[in-house]
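Undergrad: Spelled out, the chains give:
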Amino acid sequence: MTPAPPGAGFLDRRLLFFTGKGGVGKSTVTAAVALLAAEQGRRVLLVEVDAKGNLTSLFEHPPVGFDPVEIYPGVCAMQMRTEAALREYLRLNLRIPVIGRLGPLASVLDFVATAAPGVKEILTVGKVCWEVRESLQGRADWDLVLVDAAATGHVLAQLDSPRAIQELVQVGPVRQQTDWMAELLADPAVTALHVVTAPEEMPVNETIELVDRARVELDVPLGSVVVNRVLPEPFTRADEPVFDALLSGSPRDRLDAELGAGASAVLDATRLAVSLRRSRSVHLTRLRDAVDLPLLYLPYLFVRDHGLRVTRMVAEHLAEELGQ
Amino acid sequence: MTTTSLESLLASREIVVFCGSGGVGKTTTAAATAVAAVTELGGTVLVLTIDPARRLADALGLEGIGNVERRVPDAALRAAGLEPRGELYAAMLDTKASWDDLVLRHAPDEETAYKILENRLYHNITARFVQSHDYIAMERLYDLHSSGRYDLIVVDTPPTRNALDFLEAPNRMADFFGGRLLRWLITPYRLAGRRGARIVNFASRPFYQLADRVLGSQFLQDIAEFFLNFQSMYDGFITRAQAVERLLHDRRTSFVVVTTLDGAPLREAEFFCQELAARRFPLGAIVLNRVLPDFLTSPDGQAAATLLCDQSERLAESVAALGERGLEDLERTARVLRTIGATFRDYSVVATREREVREELGRVPDVVASVPAFPDDVHDLAGLARIGRALLGSS
Chain U
160 MTPAPPGAGF
170 LDRRLLFFTG
180 KGGVGKSTVT
190 AAVALLAAEQ
200 GRRVLLVEVD
210 AKGNLTSLFE
220 HPPVGFDPVE
230 IYPGVCAMQM
240 RTEAALREYL
250 RLNLRIPVIG
260 RLGPLASVLD
270 FVATAAPGVK
280 EILTVGKVCW
290 EVRESLQGRA
300 DWDLVLVDAA
310 ATGHVLAQLD
320 SPRAIQELVQ
330 VGPVRQQTDW
340 MAELLADPAV
350 TALHVVTAPE
360 EMPVNETIEL
370 VDRARVELDV
380 PLGSVVVNRV
390 LPEPFTRADE
400 PVFDALLSGS
410 PRDRLDAELG
420 AGASAVLDAT
430 RLAVSLRRSR
440 SVHLTRLRDA
450 VDLPLLYLPY
460 LFVRDHGLRV
470 TRMVAEHLAE
480 ELGQ
Chain G
9 MTTTSLESLL
19 ASREIVVFCG
29 SGGVGKTTTA
39 AATAVAAVTE
49 LGGTVLVLTI
59 DPARRLADAL
69 GLEGIGNVER
79 RVPDAALRAA
89 GLEPRGELYA
99 AMLDTKASWD
109 DLVLRHAPDE
119 ETAYKILENR
129 LYHNITARFV
139 QSHDYIAMER
149 LYDLHSSGRY
159 DLIVVDTPPT
169 RNALDFLEAP
179 NRMADFFGGR
189 LLRWLITPYR
199 LAGRRGARIV
209 NFASRPFYQL
219 ADRVLGSQFL
229 QDIAEFFLNF
239 QSMYDGFITR
249 AQAVERLLHD
259 RRTSFVVVTT
269 LDGAPLREAE
279 FFCQELAARR
289 FPLGAIVLNR
299 VLPDFLTSPD
309 GQAAATLLCD
319 QSERLAESVA
329 ALGERGLEDL
339 ERTARVLRTI
349 GATFRDYSVV
359 ATREREVREE
369 LGRVPDVVAS
379 VPAFPDDVHD
389 LAGLARIGRA
399 LLGSS
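Line by line, the protein sequences are chains U and G. Here the first sequence stands for residues 160 to 483, numbered as in our numbering. Here the second sequence stands for residues 9 to 403, numbered as in our numbering.
Keep in mind that the hints are not guaranteed to be accurate.
Unchecked claim - Some chain U residues flagged as far from chain G (calculated, every beta-carbon gap over 10 Å):
(1) Arg201
(2) His220
(3) Arg240
(4) Glu242
(5) Asp346
(6) Pro347
(7) Ala348
(8) Pro410
(9) Ala449
(10) Phe461
(11) Gly482
As the list claims (entries may be wrong) - Among the chain G residues that face chain U by a calculated CB cut under 8 Å, a handful are:
(12) Gly69
(13) Ser155
(14) Gly156
(15) Gly271
(16) Pro273
(17) Leu274
(18) Cys281
(19) Gln282
(20) Ala311
(21) Cys317
(22) Ser326
(23) Val344
(24) Arg346
(25) Val357
(26) Val365
(27) Asp384
Stated by the list, open to error - Computed footprint of chain G on chain U, listed as stretches where at least three residues anywhere in the stretch have a Cβ under 8 Å from a Cβ of chain G:
(28) 420–428
(29) 467–481
No lab work stands behind these hints, which were simulated from the structure alone. Treat the numbers as computed from the prediction; the structure is a model and nothing was measured. Beta carbons are placed, not taken as given, at the ideal position from N, Cα and C, and that holds for glycine.
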């Protein structure tokens, strides 16, 4: 039997969370998935949870608010705001209209959230789940809801919040709400949690730890590990001795003569590239050994800036990796 | 405006707080700074780290978990080729243990302390409430500083979603416990407690009607009970939070912003510098971490790369003519030469972008120190010392 490619079904689930240690390119990967899905004709809702407001800049679009805005053909984006989510929740589910400025309600929310961790998280997760359920029942337009979720340190609390709230609140409407949310999050036909990482020490450590903890503590199906910024291997095993031979003795003298003053710069640059790649490989191996999830690799991009062009490049590499 | 070096900053301050967005090497840079301080300046130096990589923790002798400061043995420093002029200590932050300490210190009596410690909301708050890490980190810093045992404390900050959260944590804690809202919420409960009634009529106020519908009254009662107990620590807590706040603004404290030259961390670092200034926190230096070396942008290198890419066959013949072993396969050698040229060009693109950013940052009237991109992760004292030298040498 031929094993399925690592990306089989990647875009078929409706709710995808992306987490990862800060700095690994979590937002870039999420944006690239959105772009790829939209190019394939899917309607995407892109949810930014960490209020950094730079997810839309990857589409060269100004920041958006709580109400979804189409930032690219087929991609609508929204920024999570817990107060707005609470207002919507009260209006839609409990038929309590909140008119005008939130004022006191906002401070009550702050207060309750401080007292009971999980309250802000449940509003975030609740809003996301609600959009998914609406779309499943044909009331919302999304084929795919993508969440640029909290970093590894916080995502467990976020995804576990329905359960945390269930522990705290035994009865009432909130209790009923959390039941269907927990069910939706646990459904492998609907939901997947993907971890974005980079082949460096701390991101790999955190990924291994997160995958282990998610298995034990969460009832949310794990998807894949997306390894971002993989440096190219400059030389094949057979070519490497040639590079080494050029570094010293008479070949080196000849290169100095042929290339002029820049010879040492190009050779040192290549030496740096070789050793960077080598030290990264150690962490890649560690990751492969410790995590038995499908791994998807995205190359380091030697580019001057970030924007739609780069998001598109990442999406192309991703499509290739997914076999699409 | 005078420019001070990082070295004089370390010599003149008692607390240096390292901040920046996640993944920029904050923890390593803070540890390297402490190592540099103890080998270059002397004195008793403590590095307080939040969540070090295991190998870094091992290097600092922090194998065990707990809140105790540990001396990094001189022998370990000497084994790494360093000559300590003072004493180096390291400590990790244990959030739960620190909160427990705080409760035991401020609770009016043992019974209240244990009521708090055993409350499930307390457990939730200390273990999961992200901002509680911010507060407790600053609280612990205050504690260590006022012990007077250290000439210099280098602090790593928690990986918060918003790098500013921890600065506001003491203030927010004080606001929170002094808040009208809290008093308003627990008042009916307290009155009921006095009357000895067990069931409280929360439904007497609109807020409770709403909260009751949303959350259920048992939950609200749990909250009220918890805060009623917690409020007995109010005075101690407020005094303490205010003292922490003062210490962060003190002239003996300085902030260092760490960033790489990537887009997102850099934008955050710039924002962070502005916010520090707006809140009158003293910004001492900006550390640019993992900076690619200058030779990657040299015009000579560019010229050589062009030659390698355009004339690889001729160059392969030229080196093959030397008759050295391993270079006989002309096609292979030409491919290797083209790869060398292409690799330089790739890295040059990134290095050029970095240089432009550095030139812009150079106009900021603060110390800007650079740490080169080392190919390997740093996880021993010798590696930390190497970073430390780069930090002090490049100001």
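Undergrad: Run every hint past the structure and note whether it holds.
TA: Here is how each hint holds up against the structure:
{"no.": "1", "hint": "Arg201", "result": "holds (26 Å)"}
{"no.": "2", "hint": "His220", "result": "holds (16 Å)"}
{"no.": "3", "hint": "Arg240", "result": "holds (14 Å)"}
{"no.": "4", "hint": "Glu242", "result": "holds (14 Å)"}
{"no.": "5", "hint": "Asp346", "result": "holds (25 Å)"}
{"no.": "6", "hint": "Pro347", "result": "holds (26 Å)"}
{"no.": "7", "hint": "Ala348", "result": "holds (29 Å)"}
{"no.": "8", "hint": "Pro410", "result": "violated (5 Å)"}
{"no.": "9", "hint": "Ala449", "result": "holds (13 Å)"}
{"no.": "10", "hint": "Phe461", "result": "violated (4 Å)"}
{"no.": "11", "hint": "Gly482", "result": "holds (26 Å)"}
{"no.": "12", "hint": "Gly69", "result": "violated (19 Å)"}
{"no.": "13", "hint": "Ser155", "result": "violated (29 Å)"}
{"no.": "14", "hint": "Gly156", "result": "violated (33 Å)"}
{"no.": "15", "hint": "Gly271", "result": "holds (5 Å)"}
{"no.": "16", "hint": "Pro273", "result": "holds (6 Å)"}
{"no.": "17", "hint": "Leu274", "result": "violated (11 Å)"}
{"no.": "18", "hint": "Cys281", "result": "violated (16 Å)"}
{"no.": "19", "hint": "Gln282", "result": "violated (15 Å)"}
{"no.": "20", "hint": "Ala311", "result": "holds (5 Å)"}
{"no.": "21", "hint": "Cys317", "result": "violated (10 Å)"}
{"no.": "22", "hint": "Ser326", "result": "holds (6 Å)"}
{"no.": "23", "hint": "Val344", "result": "holds (4 Å)"}
{"no.": "24", "hint": "Arg346", "result": "violated (11 Å)"}
{"no.": "25", "hint": "Val357", "result": "holds (5 Å)"}
{"no.": "26", "hint": "Val365", "result": "violated (11 Å)"}
{"no.": "27", "hint": "Asp384", "result": "holds (5 Å)"}
{"no.": "28", "hint": "420–428", "result": "holds (count 9)"}
{"no.": "29", "hint": "467–481", "result": "violated (count 0)"}
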